[in-house]
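A.B. asks: Chains A and B are the protein sequences, given in the same order. For the first sequence, the numbering used here gives the first residue as 1, with consecutive numbering after it. For the second sequence, the numbering used here gives the first residue as 1001, with consecutive numbering after it.
One should not assume that every hint holds.
[What the hints assert, rightly or not] Quick list of the computed label-pair ranges, beta carbon to beta carbon:
# : chain 1 : residue 1 : chain 2 : residue 2 : range
1 : A       : 49        : B       : 1320      : 21 to 29 Å
2 : A       : 5         : B       : 1339      : 21 to 29 Å
3 : A       : 10        : B       : 1233      : 40 to 48 Å
It is worth saying that the hints were derived from the structure and are not from the lab. From the three backbone atoms N, C-alpha and C, an ideal C-beta is built for every residue, glycine too.
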Amino acid sequence: MSLTLDEVRHVANLARLSLSPEEEALMQTQLSAILDAMAELSRLDTAQVEPTSHAAGEVPPWRPDAVQPSFSPEKALGNAPAKVGTSFAVPKILD
Amino acid sequence: MDPTTLSMLELASALEARSLSSVEAVRASLDRVERLDGRVKAFLHVDRPGALAQAEASDRRRASGTPAGPLDGVPVGLKDLFLTEGLPTTAGSRILEGFIAPYDATVVKLLKAAGLPLLGKLNMDEFAMGSSTENSGYFPTRNPWNLDLSPGGSSGGSAAAVAARMAFGALGTDTGGSIRQPAALTGIVGLKPTYGRVSRFGVVAFASSLDQVGPMTRTVADCAALLQILAVPDPRDSTSNPEVAPDYRAELEGGVRGMKLGLPREYFELPGMDPEVRAAVEAATSALQKQGASLVPVSLPHTRYALATYYLIAPAEASSNLARYDGVRYGLRAFGAKNLLQMYGQTRDQGFGLEVKRRIMLGTYALSAGYYDAYYLKAQKVRTLIKRDFEEAFASVDAVLSPTSPTAAFRIGEKVSDPLAMYLNDVFTLPCNLAGLPGMSLPCGFTRAGLPIGLQILGRPWDEARVLRIGRAFEREHDFHRRAPTGVGG
Chain A
1 MSLTLDEVRH
11 VANLARLSLS
21 PEEEALMQTQ
31 LSAILDAMAE
41 LSRLDTAQVE
51 PTSHAAGEVP
61 PWRPDAVQPS
71 FSPEKALGNA
81 PAKVGTSFAV
91 PKILD
Chain B
1001 MDPTTLSMLE
1011 LASALEARSL
1021 SSVEAVRASL
1031 DRVERLDGRV
1041 KAFLHVDRPG
1051 ALAQAEASDR
1061 RRASGTPAGP
1071 LDGVPVGLKD
1081 LFLTEGLPTT
1091 AGSRILEGFI
1101 APYDATVVKL
1111 LKAAGLPLLG
1121 KLNMDEFAMG
1131 SSTENSGYFP
1141 TRNPWNLDLS
1151 PGGSSGGSAA
1161 AVAARMAFGA
1171 LGTDTGGSIR
1181 QPAALTGIVG
1191 LKPTYGRVSR
1201 FGVVAFASSL
1211 DQVGPMTRTV
1221 ADCAALLQIL
1231 AVPDPRDSTS
1241 NPEVAPDYRA
1251 ELEGGVRGMK
1261 LGLPREYFEL
1271 PGMDPEVRAA
1281 VEAATSALQK
1291 QGASLVPVSL
1301 PHTRYALATY
1311 YLIAPAEASS
1321 NLARYDGVRY
1331 GLRAFGAKNL
1341 LQMYGQTRDQ
1351 GFGLEVKRRI
1361 MLGTYALSAG
1371 YYDAYYLKAQ
1381 KVRTLIKRDF
1391 EEAFASVDAV
1401 LSPTSPTAAF
1411 RIGEKVSDPL
1421 AMYLNDVFTL
1431 PCNLAGLPGM
1441 SLPCGFTRAG
1451 LPIGLQILGR
1461 PWDEARVLRI
1471 GRAFEREHDF
1481 HRRAPTGVGG
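Could you put together the complete structure from these sequences and hints?
C.D. replies: Structure below.
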């Protein structure tokens, strides 16, 4: 399984990673090798096997949807890289 | 007497008898950190004033006859993946440099409520992705047995701190072996509890269907005592088992007479296993047989597929979990971007290290349109087969024994540029996470070069008590856990 550079760029875009050209080339080689190693799973017939999404296996317990105290705006914004008043500030969303 | 040579429970007895104070124990630990950690590099952050204040409070409780629990006053360290209110939490990543958590993880609250002073935050592979602590965004941690070697990972800082007697115990997390493999490589005890046994609330997420929190200690009894504090139902983690945990020390000394211990043939047939590791583990299983256990060959036929299964499921979940690091609410932000999308991309490119990017890319690919069925769904189906292997084995045995890691500690730099070689470190530890089982590593011997070797004990779901009991039965007749690491001075 060999990934093309375009595929690497497509996945990087989906993952919101601005990779450098060197990183793109490295990812192309390494991801291709890793996916090759993963391909051994295709040898197993799993047509009749249910997927396992969770090790717990049981239905998670319910709890009442009770209102709990939450952070003050000051505390919630304590780690904000940029803020305006009690809001997180971000660059323009629409050009 | 140097208090740092004591186990957690020995120190607790000394505190109870008032022959030592918690302040003395914390001072002795911090002095050792000061002396050794410039070379070992286990700590990312040392909280001297916080630990001393907690120790003083503990001494007051002991003086008034009102200790908060059996381990009140015993200082421990935390892998830097646990949120600690008012202290830095980096998850070993530059993207969280300077992040101060606004609240404590549930397990941190539990440790504080039980009176354990917290010495600081311990180094790790970035976001727990790695098996050598070389993927830390800050610096690699070194193995106290030989400073040229890796302590394993991802909880390598926790393992090194406990092995070098800078902390009496520590918390780690284990997604594919991150407690057990570094425990094996540094000669300490590390337990990954059953999925759901310990709360993950406030623990930075890596792969949510696999992550568990567990104790790392010098003895099996310490491990049981520390697990007791952690194994508490938490309504804030929906996977937390609502049932109250049993008393883990009640049957600890019960021995293994009459137990059936499974030896999975696939684990012992692995090419690349160090013959010295195999010999030590076989000697350990014989020792348990001499104590009255019977050894039963078992088969876990899908073992060879665990690595591929894990390295699809864990990166897929990680790619989703790590989407939250977008530079908006906390952590690093790349300034100067023209728009929001550019800011996301640049922030994440600057903040994440190479292994994290690799896994995000792999996971995103495995989840993307057109590849989901062939990779992610396929891996989830094979996970079912791996889980079934264990269910069938546990129908005839009480626990499964194997090496923890195919080799002893390896050189820093030896595997870091070859991801597939590094992933092979986890070949014996991954299936346990995929199946959600409890698993423990404890020291079972040394190589001729003097490096520790780990024995892995896997149990049925929720059967930590038996895993601990088997480990204790072995430990009782050996002194491997008493040896002090040779790579650092006393």
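A.B. asks: The structure should be examined with respect to each hint, and the outcome stated for every one.
C.D. replies: Right, here's what the structure says about each hint:
{"no.": "1", "hint": "A:49 x B:1320: 21 to 29 Å", "verdict": "23 Å, holds"}
{"no.": "2", "hint": "A:5 x B:1339: 21 to 29 Å", "verdict": "24 Å, holds"}
{"no.": "3", "hint": "A:10 x B:1233: 40 to 48 Å", "verdict": "44 Å, holds"}
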